[in-house]
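**Q** Here's the letter readout for the chains.
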Amino acid sequence: MLENLKAAIFEVLETMFFLFPESLEEVGEESTGEALRAWVPVTGSRSYHAGLTVPMPLAQKMAANFLGCREEEVTSQEMEDIVREAANMVTGNFLSREQVPGAFRPEAPRSERIAGGAPRSPGHRLLFMVDDHLMEVFLERIA
Amino acid sequence: MAYNVLIVDDSATMRALVRKILAMSGFDLGGCFESANGREALKILEKHWIDLILSDVHMPEMDGAAFLQALRAHKLWRTIPVVLITTESRQEVLTPILRQGAQGYIKKPFQPEVIRNQLVSILGEAAATNVRELEGCDF
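Chains as they are written, first to last, in our numbering: chain A, 377 to 519; chain B, 231 to 369.
Hints are computed from structural coordinates only; laboratory data are not their basis. Among the hints, a few may not be true.
Said to hold, decoys possible - To give an idea of the chain B side of the interface with chain A (calculated C-beta under 7 Å), a few residues:
| no. | residue |
| --- | --- |
| 1 | 241 |
| 2 | 244 |
| 3 | 250 |
| 4 | 260 |
All values reported here derive from a predicted model rather than from experimental measurement. Note that beta-carbon positions come from the ideal geometry of N, C-alpha and C, so glycine has one too.
Isolated chain B (complex conformation) (with noise of 0.2 Å):
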């Protein structure tokens, strides 16, 4: 099964970076749609059956906790899973929005396996297919 997965984050080279790990984790992966806020991940789910979301969570336009409000009310897009991909670190912050059913969090700076760590937890070992070594992988 080919998984579609949204990049949600302000930055084009950290998406850029994202995409890359992602293509090296082995998944699956059938389209990798981007979007710099909420407010345009939206959009693309509106047009688009997404698998998993990767989300930065301090972005302009709609924020992290706003577009996962959004998407917990919505009764087609409530289950999708969610990680928070972010260098947001306090509790305070982050409590609320791991409440509201983000499936996991990933803080900034990372390895590249932590991503596929992640996937795997959610997803499921086998969904990892063609897996290649990513410690220490010079991109």
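Extracted from the complex, chain A is given alone in its bound form (with noise of 0.2 Å):
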């Protein structure tokens, strides 16, 4: 699961944001400045959230570079629309690597701020190193 988890955030990155990742075990101190946390809801059999939180940096450097642009142009709403949307493909690219069975739907993918930090996901966790960035990826259960 992690396997393909791990797997669909190298694709969406390298092909959409030109970014490369570096797959990290555990850290010693996380980031404490202000982030982006993107997440679908996943429904169906299992049912949980899949996303990221992506310090306030890298999410504008993953819109530049997604959009084509300086990062000094990008605006806020697009780097939260863009966040939403790393998290939209990641999600369906896990999804379509994990042929997940029975029925499930996933639904639109929401964002919140973070400030002070990410806190640590109770679920199943990734770590990242993106542009000197740590970026966290997460499966979330949910009831």
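Hey, can you piece these two chains together into the complex? The hints should help.
**A** Dropping the structure here:
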């Protein structure tokens, strides 16, 4: 499951954002800055949130690479939209690789701004170093 | 001949990306219209001549399947080529939509040249009059 999630992150970041993540086992000290957290609720035989937490400077870089513009031209709305779209693509790619049995339904991606660093996700969690920024990818079981 | 294209996606940034790829693809683009869902797209079709539609599948209000159904039921719009651009990969979801008459399907994430290749297969190589190298392009 986590291998498929990892593969999905690599494919989406490399193909759409021209970024090359490095997988990390664990980190000593995590970012405490502002971040964007985006996720896709997936309901079905297994229900969970699949998503990612992206520090603001990385969100800005992702948006600039995606839109083909300079980082200073990116608006905060575009950053949020891009991180939601990234969560959407990662989840779609993950579900495609995972071939989850039974009916399931991915909903529209959601996002929120997080001040003071990302809360440690209680579910499955992968960490990546992307362009010198720490990115978290998570799968959280929901009731 | 200039082609009018309609991009239907609830993500404004995805619409902006597709618009940029189209502009770089060498196609003689006339108007490039955008809408956030199928319902808005139908309103654009009432006002403008559209030659090609690139549409997402999962959208609020009217999704890609319902949009395609409305298109194919309309006597003037039923022949407009539609290409789906989506993260959806389940055949049980895609097959009924493709059977309704979508001409192609592009799975996100995608390389920019995939969109161009789809357009060439639908509109013909002659439509790509000013082709630039898209592979590995840095927008």
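**Q** Look at each hint and say if it fits the structure.
**A** Structure-based check of each hint:
Below 7 Å, beta-carbon pairs count as interface contacts, and residue 241(B) has one with chain A at about 5 Å; its hint therefore holds. Satisfaction of the interface hint for residue 244(B) is found here, the shortest Cβ-Cβ separation to chain A being roughly 6 Å, below the 7 Å cut-off. For residue 250(B), the shortest C-beta to C-beta distance to chain A is roughly 6 Å, which falls under 7 Å, so the interface hint holds. Hint on residue 260(B) is violated. Least Cβ distance to chain A is approximately 22 Å, over the 7 Å limit.
Hint compliance for this structure: hint 4 alone is broken.
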